[in-house]
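Enquirer: Let the hints inform the model, and build the full structure from the sequences given.
Protein chains: 2
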Amino acid sequence: MAFSEFRPLDEKTLVDYVKAVPALSSKLGGNLDDLTIKEVGDGNLNFVYIVIGSSGSLVIKQALPYIRCIGESWPMTKERAYFEAVTLKEHGRWCPNNVPEVFHFDRTMSLIAMRYLEPPHIILRKGLIAGVEYPLLAEHISDYMANTLFYTSLIYRSTTEHKKAVAEFCGNVELCRLTEQVVFSDPYKVSEYNHWTSPYLDEDAEAVRNDDGLKVEIAELKSKFCERSQALIHGDLHTGSVMVTHDSTQVIDPEFAFYGPMGFDIGAFLGNLILAYFAQDGHAVGENDRKNYKEWILKTIEDTWNLFRKKFTALWDKHKDGSGEAYLPAIYNNPELQLLVQKKYFEDLLHDTVGFGSAKMIRRIVGVAHVEDLESIADPSKRATCEKRALYLAKMLLKERRKFHDISEIVSAVRNVQ
Amino acid sequence: MAFSEFRPLDEKTLVDYVKAVPALSSKLGGNLDDLTIKEVGDGNLNFVYIVIGSSGSLVIKQALPYIRCIGESWPMTKERAYFEAVTLKEHGRWCPNNVPEVFHFDRTMSLIAMRYLEPPHIILRKGLIAGVEYPLLAEHISDYMANTLFYTSLIYRSTTEHKKAVAEFCGNVELCRLTEQVVFSDPYKVSEYNHWTSPYLDEDAEAVRNDDGLKVEIAELKSKFCERSQALIHGDLHTGSVMVTHDSTQVIDPEFAFYGPMGFDIGAFLGNLILAYFAQDGHAVGENDRKNYKEWILKTIEDTWNLFRKKFTALWDKHKDGSGEAYLPAIYNNPELQLLVQKKYFEDLLHDTVGFGSAKMIRRIVGVAHVEDLESIADPSKRATCEKRALYLAKMLLKERRKFHDISEIVSAVRNVQ
Ligand SMILES: Nc1ncnc2c1ncn2[C@@H]1O[C@H](COP(=O)(O)OP(=O)(O)O)[C@@H](O)[C@H]1O
Ligand SMILES: Nc1ncnc2c1ncn2[C@@H]1O[C@H](COP(=O)(O)OP(=O)(O)O)[C@@H](O)[C@H]1O
Ligand SMILES: [Mg+2]
Ligand SMILES: [Mg+2]
Ligand SMILES: [Mg+2]
Ligand SMILES: [Mg+2]
Ligand SMILES: [Mg+2]
Chain C
1 MAFSEFRPLD
11 EKTLVDYVKA
21 VPALSSKLGG
31 NLDDLTIKEV
41 GDGNLNFVYI
51 VIGSSGSLVI
61 KQALPYIRCI
71 GESWPMTKER
81 AYFEAVTLKE
91 HGRWCPNNVP
101 EVFHFDRTMS
111 LIAMRYLEPP
121 HIILRKGLIA
131 GVEYPLLAEH
141 ISDYMANTLF
151 YTSLIYRSTT
161 EHKKAVAEFC
171 GNVELCRLTE
181 QVVFSDPYKV
191 SEYNHWTSPY
201 LDEDAEAVRN
211 DDGLKVEIAE
221 LKSKFCERSQ
231 ALIHGDLHTG
241 SVMVTHDSTQ
251 VIDPEFAFYG
261 PMGFDIGAFL
271 GNLILAYFAQ
281 DGHAVGENDR
291 KNYKEWILKT
301 IEDTWNLFRK
311 KFTALWDKHK
321 DGSGEAYLPA
331 IYNNPELQLL
341 VQKKYFEDLL
351 HDTVGFGSAK
361 MIRRIVGVAH
371 VEDLESIADP
381 SKRATCEKRA
391 LYLAKMLLKE
401 RRKFHDISEI
411 VSAVRNVQ
Chain A
1 MAFSEFRPLD
11 EKTLVDYVKA
21 VPALSSKLGG
31 NLDDLTIKEV
41 GDGNLNFVYI
51 VIGSSGSLVI
61 KQALPYIRCI
71 GESWPMTKER
81 AYFEAVTLKE
91 HGRWCPNNVP
101 EVFHFDRTMS
111 LIAMRYLEPP
121 HIILRKGLIA
131 GVEYPLLAEH
141 ISDYMANTLF
151 YTSLIYRSTT
161 EHKKAVAEFC
171 GNVELCRLTE
181 QVVFSDPYKV
191 SEYNHWTSPY
201 LDEDAEAVRN
211 DDGLKVEIAE
221 LKSKFCERSQ
231 ALIHGDLHTG
241 SVMVTHDSTQ
251 VIDPEFAFYG
261 PMGFDIGAFL
271 GNLILAYFAQ
281 DGHAVGENDR
291 KNYKEWILKT
301 IEDTWNLFRK
311 KFTALWDKHK
321 DGSGEAYLPA
331 IYNNPELQLL
341 VQKKYFEDLL
351 HDTVGFGSAK
361 MIRRIVGVAH
371 VEDLESIADP
381 SKRATCEKRA
391 LYLAKMLLKE
401 RRKFHDISEI
411 VSAVRNVQ
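Residue numbers (UniProt numbering), protein chains in the order written: chain C, 1 to 418; chain A, 1 to 418.
Any copy, or any two copies together, can satisfy a pair, since identical chains are not distinguished.
List time: in silico BS3-like cross-link candidates among lysine-lysine, alpha-carbon distance up to 27 Å:
1) Lys399 - Lys320
2) Lys344 - Lys189
3) Lys343 - Lys189
4) Lys395 - Lys320
5) Lys310 - Lys403
6) Lys395 - Lys344
Read the hints as simulated data drawn from the structure, not as lab findings.
Expert: This is how it looks when you write it as structure tokens:
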């Protein structure tokens, strides 16, 4: 067989691969010598090909044993494709409407074939930069988060199922270490990878590296990230891992998945929305001051959390007599107690969410990988103004998060930054 | 080979086993037909044989596929012996003075051969009931806890080593589930296994089952137990898992070991000392009012925590430039910050310790397995008085633990219970 061992594909060899795999060729139909193949990987790590045939299409994603945007000098296990495929299937099982279907996985080739999210699907981040409203976004993403996180947690699962799954995902350690480095470490120390809008943010970057209060808090969050196996999290749920149309929301790219703290996913999403919010002033032109759009982002933040909480609670109530081992029905056996327990649960989860979300914002301003929302603001002084506001908020929230009890208070804090 | 598959041994077949294993026969020396073999398993789960030969001795512990004190009606994987052996070796590596040496492990037979802790070693719990002071106990047990917990945590280890070890110990899930049931669940619900000093504690047991505040807190602790892989904990560190003489302290029986929260071990030990303290009034006879002995127990509680903290801190400072990934030296790079971070670390750990310790006390009074300290008080009304005090304290501490900042405040709270 031509593909009995790993080899990186290109537009040409991909055709041979598709021909050799019936599950794929049958999807595309007709004359396989007439495929349209286009590499579109705008992400940081992998190669992504859109393959269009006479009667069907698909996307093929391949992991190479290094980080694409850096090159072979930064090796990274291609086994990440395995964890991505397992997670796409597991999350897809619990939330099929918001995760692309996996057609085929080849561990040897570190290759996933999945549904092509056809136009007008675009990466959410691009839509946010363009100022496009997605009226169903909060509804959809809260569905995704509530279902994937609830069903992979001990509220739904037995300890036996949980520990088995936790053990397997311990194997995705290289990707966890990458997050540890870029989110929890590099921004707080001198690192060759860090950069920021210089000279405007020179002092701000230095202040982050010298802020003892921040370092105490980031240590707590890092230990939660490393030690707390609360649910199968996506692990990289920023607005660049979501594809949208007016009616559809699809979560892609869970290669960083592992059993970690739920707040890391929810925080990633909300933190990136906050970055999008602060970037708007840099995108305002003439008439279009983006004021209404900023309000829509804030509303989406608030709705996302509130809908998440509502849906997660509904799942909890629905399955409260099931085989989940965290809250046994014989103990949590009256409605007031159920309310009390859930109140505490979401209070703690909001604090985690705000903490992780803030950490994600900080690292996007003074760490290695920035966001296009801010990078695309051409005027550096304008960009720096946006970044300073986001950084100010993130530092405050990271340190003071336990004082917040409701998402509306977070939104007010965002709004109050000038 | 006679032992190519599992079979339960007895005093007779044990001789054949020892003869067949050179590592064992060579330890015992001389005429192997003249061995003295005695089954001494007073524990709940396994069989333990003391084997004495002409020029040496050893202990052989075998796990059967059920819980000994209940019988074959409660099956329990014999693989627990594997996790016990791995942990004895790992903990022994970091604290050889306080862990018996493993001579031989046979996974097929679920059999561990280890150093015989010869007389005058006795189980610490028995010494506490007899009112014997062990002046080095706090010194030794704090050595054990500081070394085993520090060296298996992310303060010392890399994420890669950590996740690998976590994954392996996910395999000890049956023992974790047993703890979940008997510590975090059964006492808070009606269970056929629960019992208490009836009728004296009937209302108290019912109050535990109806205490919503307690149930909210026990849920948080249970989720920490199930989700937080902080270090390789012993998992059953009560005073019946420690053997002592005036000069020696040895920790045995880590079959419940897994990567869990450190406070579960420290709390188990301190909680059982508190039970021993409250039991003393039931053992006072005539002249010997046990007043001084109670003071020694309180001092041992305080010393154990303070010495643990001191030693753990010293290890942390010693290895702060090592390969541990929780606190990178480039970030935690000044003495004030190091102090700040450690202060928070031990504050959180004290709260965990008090929480888990209280949960362990509660389950020993109204759950399935009680402690000899209290059970050996023949007069049930006297026993009930001791138990009510312990239960009162444990409930208060479990709910109010976050208000305590120092072990001396805990000791005062113990002392103030009348
Ligand atoms: N199923 C899909 N359908 C359409 N486009 C996709 C699909 N998966 C990925 N893409 C495109 O490829 C880009 C990179 O994919 P991604 O999975 O994020 O890779 P990386 O891991 O390298 O970040 C996405 O930003 C998106 O534009
Ligand atoms: N290494 C040893 N040396 C001497 N006695 C031991 C040793 N190990 C166990 N024992 C004795 O056997 C008893 C039961 O051992 P333990 O390991 O606690 O078994 P279990 O898992 O059944 O509780 C202990 O209480 C102690 O009296
Ligand atoms: Mg991506
Ligand atoms: Mg990716
Ligand atoms: Mg024992
Ligand atoms: Mg035991
Ligand atoms: Mg460093």
